Amino acid sequence: MRAAFYDTLGPAEDVLIVGEQPKPEPGPGEVCVKLQTSGVNPSDWKARLRGRGGVIPFPLIIPQSDGAGVIDAVGDGVDSSRLGKRVWLMNGQWLRPFGTAAEYICTSSKYVIDLPDGADMGEAACFGIPFLTAHRAVMFDGPVDGQTILVQGGAGAVGHHAIQVAKANGARVITTVSSDEKANYARDAGADEVVNYRTHDVPERILAMTEGQGADRIVELNISANAPMYGQILAPQGTVIVYGTNDFMASVPAQDFIVKWASLKWFIVYSINDAQRDEGVAALNKMLADGALKTTVAQRFSLDEIVAAHEMVEAAKHMGNVIIDIS
Numbered sequence: 589m590r591a592a593f594y595d596t597l598g599p600a601e602d603v604l605i606v607g608e609q610p611k612p613e614p615g616p617g618e619v620c621v622k623l624q625t626s627g628v629n630p631s632d633w634k635a636r637l638r639g640r641g642g643v644i645p646f647p648l649i650i651p652q653s654d655g656a657g658v659i660d661a662v663g664d665g666v667d668s669s670r671l672g673k674r675v676w677l678m679n680g681q682w683l684r685p686f687g688t689a690a691e692y693i694c695t696s697s698k699y700v701i702d703l704p705d706g707a708d709m710g711e712a713a714c715f716g717i718p719f720l721t722a723h724r725a726v727m728f729d730g731p732v733d734g735q736t737i738l739v740q741g742g743a744g745a746v747g748h749h750a751i752q753v754a755k756a757n758g759a760r761v762i763t764t765v766s767s768d769e770k771a772n773y774a775r776d777a778g779a780d781e782v783v784n785y786r787t788h789d790v791p792e793r794i795l796a797m798t799e800g801q802g803a804d805r806i807v808e809l810n811i812s813a814n815a816p817m818y819g820q821i822l823a824p825q826g827t828v829i830v831y832g833t834n835d836f837m838a839s840v841p842a843q844d845f846i847v848k849w850a851s852l853k854w855f856i857v858y859s860i861n862d863a864q865r866d867e868g869v870a871a872l873n874k875m876l877a878d879g880a881l882k883t884t885v886a887q888r889f890s891l892d893e894i895v896a897a898h899e900m901v902e903a904a905k906h907m908g909n910v911i912i913d914i915s
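So for the sequence shown, my numbering puts the first residue at 589; every next one is plus one.
In case anyone wonders, no lab produced these hints; they're calculated from the structure.
The model shown is predicted, which means the values in this text are computed figures rather than measured ones.
Ideal Cβ placement from N, Cα and C applies to all residues, glycine included.
Label pairs and their computed distance ranges (CB to CB): (1) H788 x K698: 40 to 48 angstroms; (2) A877 x P599: 41 to 49 angstroms; (3) G617 x E792: 47 to 55 angstroms; (4) L648 x R775: 41 to 49 angstroms; (5) Y785 x D708: 25 to 33 angstroms; (6) V840 x H788: 20 to 28 angstroms; (7) G607 x P731: 45 to 53 angstroms; (8) E792 x D667: 53 to 61 angstroms; (9) W849 x S812: 22 to 30 angstroms; (10) D705 x H788: 39 to 47 angstroms; (11) S839 x G607: 44 to 52 angstroms; (12) P791 x G879: 34 to 42 angstroms; (13) V847 x S669: 51 to 59 angstroms; (14) N834 x P791: 16 to 24 angstroms.
Model the full assembly from the supplied sequences, consistent with the hints where possible.
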């Protein structure tokens with residue numbers, strides 16, 4: 589099969605190769621998916637550039653965890669009725685070497701989810717990391733109806749979905765962005781209030797929007813950059829749900845958390861449990877059925893253009909998701 593792969597860490601143009609690799613066969617409990625699309629996420633270029641803990645975890649890696657396609661074969665213990673199903677998948681390259689930047693992938697059947705009729709294969713390559721992260725971050729502590737949710741980075745792939753999940757569940761949504769164009773994009777997703785962090789005093793604006801109380805819940809993509817302001821923008825007994833950071837260390841206003849009885853919680857989407865994944869999939873399917881989910885594909889690349897796809901995601905100047913058309 590054709591695949592993109594690397595056997596050393598480094599910049600995309602230096603290490604990514606497109607060529608032939610053996611076609612995998614499904615083991616017990618696995619399915620083989622003939623991929624049509626593969627999603628490129630920030631975690632993909634970070635893993636390619638610096639590995640896990642600074643080392644490459646496998647001798648050869650086919651990158652990327654999200655994708656969509658059709659089940660081509662099933663292993664022992666998997667119902668044969670799954671053959672031919674249109675599906676999307678998650679965790680393709682999490683704790684394993686061979687991801688979705690290839691014509692085929694074999695992986696655990698539980699990570700391969702049936703795609704509702706009419707759903708787009710390109711958008712489906714954005715359901716794993718972007719949607720499931722957004723859903724888990726918003727719903728981490730239970731219902732949000734009537735709450736004020738601050739979504740940091742509302743024009744990002746996760747943030748854009750998080751706005752929509754929060755609105756679908758009855759929350760008031762404030763979000764931060766870096767430009768007027770992104771502000772309009774976030775409003776179109778349903779954000780009630782938007783703060784441009786490049787031109788506005790973020791704590792001042794959020795306090796003005798919340799009558800001095802702050803946000804009940806913060807969905808955080810970069811705790812290392814944003815934690816210093818939590819003492820000002822988080823409501824009493826509020827919660828920060830963290831799914832990302834740029835730096836390995838972050839400084840948190842501990843005294844403010846103590847006085848406010850506030851909470852700081854963390855998760856990574858790859859290790860959500862079966863019940864959490866099922867809850868996210870059910871929410872996704874309902875939003876798709878209701879026509880309540882917008883998934884933006886910023887640009888599509890061919891497999892041969894994977895270097896450009898990785899460089900685009902790494903530059904982070906786009907709005908929406910980047911996908912690779914495999915076939």
